Amino acid sequence: MRTLILLTLLAAFNLQAALPGDSVYLLDSHWQNRHDKQINIQQLAGKKRIVAMIYTDCITACPVIVSEIKSIQAALSPEQQQRLGFVLVSLTPAKDTPKIMRYFAQKRDLDEHWTLLSGNDEKVRTLAMALNIRYMGLADGEIAHSNAITVLDEQGRVQLQQTGLPGGPAALIEQLGL
Amino acid sequence: MSPVLLSVLAALQMAALPIAAGPTTAPQMAELPGGEVRPLYLTKDSPLTPVAPFRLDMTPVTNRQFADFVRQHPRWQRSQAVALFVEPQYLSHWQEGWPSPEQAEQPVTYVSWYAASAYCQARGKQLPTVAQWEFAAQASEQAANGSTEPGYTRRILSWYARPSTATLSTVGQSPANYWKIKDLHGLVWEWTQDFNSGLVTGESRGDSTLDKGLFCGSAAAGSADPSDYAAFMRFGFRSSLKAPYTLGNLGFRCAQEMADENTDTADTAGRL
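Keeping their order, the protein sequence lines are chains A and B.
Residues in the first sequence are numbered from 429 upward in steps of one, following the numbering used here.
Residues in the second sequence are numbered from 656 upward in steps of one, following the numbering used here.
In short, the hints are calculated from the structure, not lab data.
Note that the coordinates shown come from a computational prediction; the quantities given were computed from them, not determined experimentally.
Incorrect hints may have been included.
[Said to hold, decoys possible] Computed spacing ranges between beta-carbons, pair by pair:
#, chain 1, residue 1, chain 2, residue 2, range
1, B, Leu812, A, Val492, 40 to 50 Å
2, B, Ala707, A, Asp464, 23 to 33 Å
3, A, Thr525, B, Gly891, 45 to 55 Å
Glycine included, every Cβ here is placed at the ideal spot set by N, Cα and C.
Using the sequences plus the hints, can you model the full thing?
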């Protein structure tokens with residue numbers, strides 16, 4: 429409990445100085461969420477996060493990624509849900525405006541545990557570098573990208589990364605130590 | 656080049672850039688009209704990748720130029736740069752934190768993608784995209800596309816075959832190519848902005864066929880020009896990189912878009 433209070437306190441301040449050197453949150457980049465608010469990526473600190481890079485137009489792998497993460501959420505107890513957040517980052521920031529993200533969230537039934545972020549090409553490229561996600565725009569407007577989900581710990585360090593849920597949601601939740 | 660022309664160029668560059676352009680040690684840039692490059696790892700019918708007109712540094716960034724940047728941005732000093740952005744070998748070839756006189760005009764190496772990218776942004780530029788880099792690099796001394804000239808690929812490959820243990824030459828020693836750009840081949844490998852766009856698994860035994868499960872929309876399969884071994888090698892090299900890597904034979908140069916549509920670079924400049 430004390431740790432939780434401390435972490436919440438830390439999250440309330442600019443905690444750049446407190447972040448470990450390999451924290452993805454050191455990117456210190458600003459994003460737009462679906463409620464049209466600016467979010468510094470450091471505001472994600474304080475709880476574990478499952479992060480995936482998608483685009484709302486994606487018709488093949490992205491629905492699978494979102495469904496997989498939803499299956500994780502469904503398997504969590506309410507207490508566990510407080511310690512884990514879900515983050516979807518747009519690979520097509522020019523198209524994924526807050527309005528589009530709201531529509532996507534509504535269609536996929538994504539509640540407030542989900543953070544949808546849109547930035548610009550440079551921020552997306554840099555975040556992809558930090559998460560070691562490869563992607564490439566294709567001529568048909570689709571984006572080929574690594575179909576991976578990443579778990580960041582409370583301070584933004586990559587805790588684990590995997591493709592799909594080979595052991596089902598329960599196996600991943602156990603690995604997370606929630 | 657006359658000092659007058661140099662200062663005119665510098666003034667032009669300053670005028671074009673709202674962001675502080677930094678010291679006058681920035682390398683000169685060549686203007687390229689843009690065109691098309693054939694993406695290596697797409698199907699034969701894939702459309703060519705269009706390249707908009709852009710500027711590219713004529714030579715790779717030197718140790719001296721990078722040291723100037725580090726002086727202005729202390730967070731990129733070897734002692735201060737964090738693990739997310741650089742491997743421990745970052746700038747490890749500088750003695751006591753700064754380049755020696757012999758190193759001054761050699762291309763800077765042991766720099767990560769983040770550090771290279773931050774340097775370019777601080778100069779109001781970006782790292783070249785793979786397409787921009789390949790467009791510039793397919794020029795020979797005589798032609799904009801020299802890749803079909805006899806000897807072009809052989810010369811590049813003979814450099815790739817040479818062990819990279821020898822001391823690096825100073826920049827600008829090689830003959831300029833058609834665009835007046837030097838050292839694209841034969842000195843150091845170079846970072847590109849989107850080197851992570853190559854969709855291979857990175858595991859050599861797995862790369863013969865793309866793992867379709869790994870990627871959304873895996874249209875990338877087969878190669879456009881299997882005879883272009885040099886491009887294959889660059890592709891393979893880029894695929895093996897990760898952004899914090901720092902290598903003794905990997906440097907960079909910066910590019911700049913000609914039509915300045917991208918106004919959103921200011922808030923990230925210097926941030927990284």
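Status of the hints after comparison with the structure:
no.: 1; hint: B:Leu812 to A:Val492: 40 to 50 Å; in the structure: holds (41 Å)
no.: 2; hint: B:Ala707 to A:Asp464: 23 to 33 Å; in the structure: holds (31 Å)
no.: 3; hint: A:Thr525 to B:Gly891: 45 to 55 Å; in the structure: violated (38 Å)
Figure legend: structure checked against the earlier numbered hints; the only hint not met is number 3.
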